[in-house]
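Peer 1: Chain by chain, the residues run as shown.
There are 2 protein chains.
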Amino acid sequence: MSILAVGSVAFDTITTPTGHVDNELGGSATHFSIAASYFTQVRVVAVVGDDFTAEHEGVLKARGIDTRGIERAPGKTFRWGGRYTENFNEAKTDFTELNVFEKFQPRIPKEYGDSKLLFLGNIHPTLQAAVRRDCPNIQLVGGDTMNYWIQSTLPELRETLKVMDILLINDGEAKMLSGDSNLLRASQKVLAMGPKALVIKHGEYGSTVFFREGAFGVGRHPFRAPTLPLSEVIDPTGAGDAFAGGFLGYIASQEVINREVLKRALFYGGVMGSFAVEDFGSRRLSKLKREEIEERFEIFRELTHLE
Amino acid sequence: MSILAVGSVAFDTITTPTGHVDNELGGSATHFSIAASYFTQVRVVAVVGDDFTAEHEGVLKARGIDTRGIERAPGKTFRWGGRYTENFNEAKTDFTELNVFEKFQPRIPKEYGDSKLLFLGNIHPTLQAAVRRDCPNIQLVGGDTMNYWIQSTLPELRETLKVMDILLINDGEAKMLSGDSNLLRASQKVLAMGPKALVIKHGEYGSTVFFREGAFGVGRHPFRAPTLPLSEVIDPTGAGDAFAGGFLGYIASQEVINREVLKRALFYGGVMGSFAVEDFGSRRLSKLKREEIEERFEIFRELTHLE
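Quick note, the sequences are listed as chains A and B, same order.
At position 94 of the first sequence (counting the first as 1) the number is 94 in the numbering used here, and the numbers step up by one without a gap.
At position 138 of the second sequence (counting the first as 1) the number is 138 in the numbering used here, and the numbers step up by one without a gap.
It should be emphasised that the hints constitute simulated quantities derived from the structure, not laboratory data.
Identical copies look the same in the list; a pair holds intra-copy or inter-copy alike.
Within a straight-line C-alpha distance of at most 25 Å, the following computed DMTMM-like cross-link-like pairs (lysine to aspartate or glutamate) qualify:
1) 61 <-> 279
2) 92 <-> 171
3) 175 <-> 278
4) 92 <-> 232
5) 189 <-> 278
6) 175 <-> 232
7) 287 <-> 298
8) 175 <-> 213
9) 196 <-> 134
10) 189 <-> 279
11) 175 <-> 279
12) 189 <-> 86
13) 287 <-> 55
Hey, can you work out the whole structure from these sequences and the hints?
Peer 2: What follows is the structure in structure tokens.
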């Protein structure tokens with residue numbers, strides 16, 4: 001199944017304890033698409049400005065990503081600047097220049113009409129819902145959101161959650177969205193808002209998928225995948241999108257979608273997220289070999305597997 | 001193998017968002033011993049005051065715990081008061097009355113001399129080292145410590161770490177002890193101080209065991225065990241000691257001690273910790289059936305097990 005991904009393409013200026021980059025190619029659609037491209041055909045819908053060159057597009061094309069849905073608008077591409085301190089848990093934003101992204105109205109090319117899986121990257125929930133309506137052939141919708149939308153557009157977000165099959169967010173977002181500081185109760189409240197499955201990302205501690213009763217098969221319990229403890233994190237920007245790309249990319253590559261597939265997908269999400277943080281932007285992610293992915297998947301499996 | 005456990009017996013006054021208890025039987029030796037008692041014979045060394053009644057001792061005896069090493073001293077038993085806020089991650093201490101614990105000099109009864117596994121609960125590192133010297137027949141030493149000892153008695157603690165085979169601490173303690181905020185690097189630095197294995201507890205995210213190269217067999221990687229997301233935490237006091245009790249208790253019950261045993265032990269640690277938080281003090285822990293433990297072990301396994 002091919003994936004249609006909607007989100008941002010951005011130029012990021014990032015400072016971490018280990019280095020600095022200016023105008024590095026980033027954005028949720030970029031990180032997601034590159035990660036997912038190792039598993040399936042990916043089609044992107046996004047907007048860029050005059051400063052988005054053939055070289056930038058080449059990074060995506062080199063991974064076989066269909067870029068016909070990337071709209072060129074007059075002006076500059078979305079820019080974000082931020083920095084991480086020693087523990088890498090949270091970025092401090094230096095600046096946000098929305099530029100052409102401010103008036104982004106996603107348009108789905110006709111050629112994308114047969115896509116079966118949709119990823120709604122972290123954009124305004126009303127735009128997410130509009131994209132969903134424009135893609136009638138979609139069989140599974142995965143989506144992301146963030147604190148900003150939870151705080152400023154909650155009614156719109158709650159509408160959009162009704163059309164999301166799988167929501168991928170982090171601990172803080174799950175607690176904020178549900179208003180509950182207990183993770184299990186928070187997951188139940190979020191699942192009651194619409195999604196059939198909820199993936200909560202715990203950063204360096206891995207991730208958990210919670211299922212709505214009866215969704216994707218039977219089973220009483222959530223499922224947890226680890227991450228690999230890494231001796232050096234270079235840049236966590238985009239790790240969440242890379243996680244989503246590995247997770248949904250693996251799902252798209254499977255014949256059937258059931259709990260066992262979602263469990264393995266959670267491991268692949270962790271694998272792609274762990275590669276993402278090993279270099280700035282998508283540098284590490286865009287130059288992987290499939291064998292490296294399988295090798296790390298096995299390490300992740302060994303990390304929690306009892307004989 | 002029987003376990004000899006040294007630590008505190010205390011009366012805890014605890015306030016959580018869900019309730020309050022006064023003078024609840026607690027302390028590291030109590031929680032540890034009760035958890036470990038489901039797996040093996042446990043012998044306790046601790047000190048109590050005149051206020052420690054036959055009823056209190058009965059809680060331990062009911063679990064078959066050998067209490068001959070609990071010394072009665074004139075005065076009151078160690079008392080601690082504290083409270084937890086909504087997220088349960090950290091206790092705020094209301095008061096600490098060391099009482100008879102202040103002059104605690106652990107004495108090992110002759111009858112305990114054939115113990116093979118020693119647990120050094122969270123007491124002054126110099127006392128921990130003295131106990132180790134008094135137990136020449138011990139084959140494996142597990143131990144705990146806390147921020148207070150890392151900050152105020154680091155040289156003594158570093159001496160004691162040389163005689164510990166397995167150190168069990170949490171993320172914050174590992175980072176403080178190593179001076180490194182990266183968990184993998186922190187683990188390597190702590191292992192270089194002496195322990196053959198380091199168990200780092202991540203609270204609601206489970207735990208990881210790191211091995212010194214070649215210790216307990218071969219293998220390149222750490223191992224991670226989950227915890228069960230619980231819908232209600234009643235009281236986290238003693239969960240770390242219950243974890244240690246499950247972990248070392250399971251190890252003591254095995255014929256050989258290798259990495260595979262330590263991995264399963266990590267799961268049993270998580271299982272006992274998850275029971276501990278379900279009620280105040282050791283109330284839940286002291287009334288378990290072995291079948292409940294095995295049932296939860298299977299749930300933990302399913303939580304991370306891929307087909």
